Amino acid sequence: MNTHSLLQTPLYALHLEHGGRMVPFAGYTMPLHYATGIMEEHRHVRTQAGLFDVSHMGQVRLYARSGCIDDAARALESLVPADILSLAPGRQRYTQFTNATGGILDDLMVIRENNSLLLIVNAACKTADIAHLRAHLDSVCDIQPLETYALLALQGPKAEEVLATLAPAVREMIFMDVRTLTLNGVPCVVSRAGYTGEDGFEISVPASHAESLARILLMHQVVWFIGLGARDSLRLEGGLCLYGSDIDETTSPVEAALEWSIQKSRRTGGARAGGFLGAETILPQIKNGGDFSQITRRRVGIRPEGRAPIRHGAPLYADSTLQTQIGVITSGGFGPTLNAPVAMGYVPPSHAAIGTPLFTELRGRSIACTVSALPFVPAGFRRSR
Amino acid sequence: MTVYFTTEHEWLRLEGDEAVVGITQHAAEALGELVFVEIRPNGTVVKAGESAAVAESVKAASDIYAPVDGTLIDHNSALADNPAQVNADPEGEGWIFRLRLTTKDQLSHLMDAAAYQAFIHKA
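Chains as they are written, first to last, in numbering that gives the first Met the number 0: chain V, 0 to 384; chain H, 0 to 122.
Incorrect hints may appear among the rest.
[As the list claims (entries may be wrong)] Looking from chain H toward chain V, a few residues come up when the C-beta cut is under 10 Å (computed):
id : residue
1  : 2
2  : 31
3  : 32
4  : 35
5  : 37
6  : 41
7  : 57
8  : 58
9  : 83
10 : 86
11 : 87
12 : 88
13 : 91
Rather than coming from a laboratory, the hints here were simulated on the basis of the structure. Fair warning: this is a prediction, and the values are worked out from it, not measured in the lab. The C-beta atom is built at its ideal place from N, Cα and C for all residues, glycine as well.
Excised from the complex, chain V in its bound form (with noise of 0.2 Å):
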């Protein structure tokens, strides 16, 4: 890719300040790592703090051309299968826009405004998603992305004391909330919630103030910035999804094990069931006291054994022997907290149960795997107060 076409965010400058190794990514040119490289930076947001530049990310706020924000929220509840109108203002949800044919064409944020609903998407899919939204509900919705606005994360277990020295409101916060509060003499909507696994917020700042602010963070010792790279262990960690690797517009939400995010209202029975694209496929597959009959693949955490990292795209086999494929690693990586490769990929819900022994291949040899619980690490969300 030509560097010369790549976008940059507001940090840009600051991140070369900071000696950031930058790559393409998604258009953009983001850091990939910093000086102390990914596994120093992965254990730092583990322990301490890190701030992630993520304004490559797309910002969209939609609203009610009626001015009663519930019709913005059924509106979107046609793109998406979770329950939009009942989430409360100050609150956000995760969801997936989905396709006709019950694959995921993004996964997303929602988050309940008093007056909008603000949506966080990919960065690789923002322009396709905001197609989409106009071509679906330009009708009911005014659809404004909000492109001067730059999106920061700060993660993990120190998180909260460092931004409480801006905004001692944060205290407050549980995970998934969300806030709009000044830090550093700007309005912010501040959520708390991140990609790590980790406690963290997310920040949504005007572009022209964004450097000033992660300046301010940056003078705490405890905060490091972070690059992709240790946000991608760190998620993988978590056992969060990466869209165009563990999800696209060919796995469903429950293929993907992702039903926990259709809440019951919009499934089969419920209030709002189903009218979302491809809800008939996607709703007979949910798990209903039996099996997993709907679906011949599910995503599932897997160890392999030893330390060689396995990667996306290994494929899985049932035995040794490697004869017959049965499933395909879609993230894998070395996990620092874990010191231990470890993997998320899709097998057949026979082979799904935690404990199932797999197998991949590795240059040639059998590598034993084992399907294990997600996430990898235990999440440090704070979930009440």
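Use these hints to put chain H onto chain V, whose structure you have.
Using the frame of chain V, we list chain H on its own:
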């Protein structure tokens, strides 16, 4: 003590008709902390440019090539428990494998330290 370098960022230290091989400081920094090093078994006959070992970092797997034709005769067993030793001392305690050279003729294709420094600063 004669040390040679390759364009793939291996170093080779000649010891009689044997050689110790590792990756350069430059390569170790570029790879980041290693989490696993797999070396082909002793007795494996390798050609120059053929993969003799694989170094895995958190992010990626990278081949380590035989700088010249030879037979693998030993490997750094300390790396099994502590692969990051390669990062700590890539051109010393972090050596990867030992090779018996098939011929010394190929050494003339490799770079000396000065040429390697020039090579990485140009790249």
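Hint by hint, here is what the structure shows:
1. 2: At about 26 Å, which exceeds the 10 Å cut-off, the nearest Cβ of chain V leaves the hint on residue 2/H violated.
2. 31: holds, 4 Å
3. 32: holds, 4 Å
4. 35: Hint holds; residue 35/H Cβ to chain V Cβ min 4 Å, cut 10 Å.
5. 37: Hint holds; residue 37/H Cβ to chain V Cβ min 6 Å, cut 10 Å.
6. 41: violated, 17 Å
7. 57: holds, 5 Å
8. 58: holds, 5 Å
9. 83: With a minimum Cβ separation of about 8 Å from chain V (threshold 10 Å), the hint on residue 83/H holds.
10. 86: holds, 8 Å
11. 87: violated, 13 Å
12. 88: Nearest chain V Cβ about 16 Å off; hint violated.
13. 91: violated, 20 Å
Comparing the model with each numbered hint stated earlier shows that hints 1, 6, 11, 12 and 13 do not hold.
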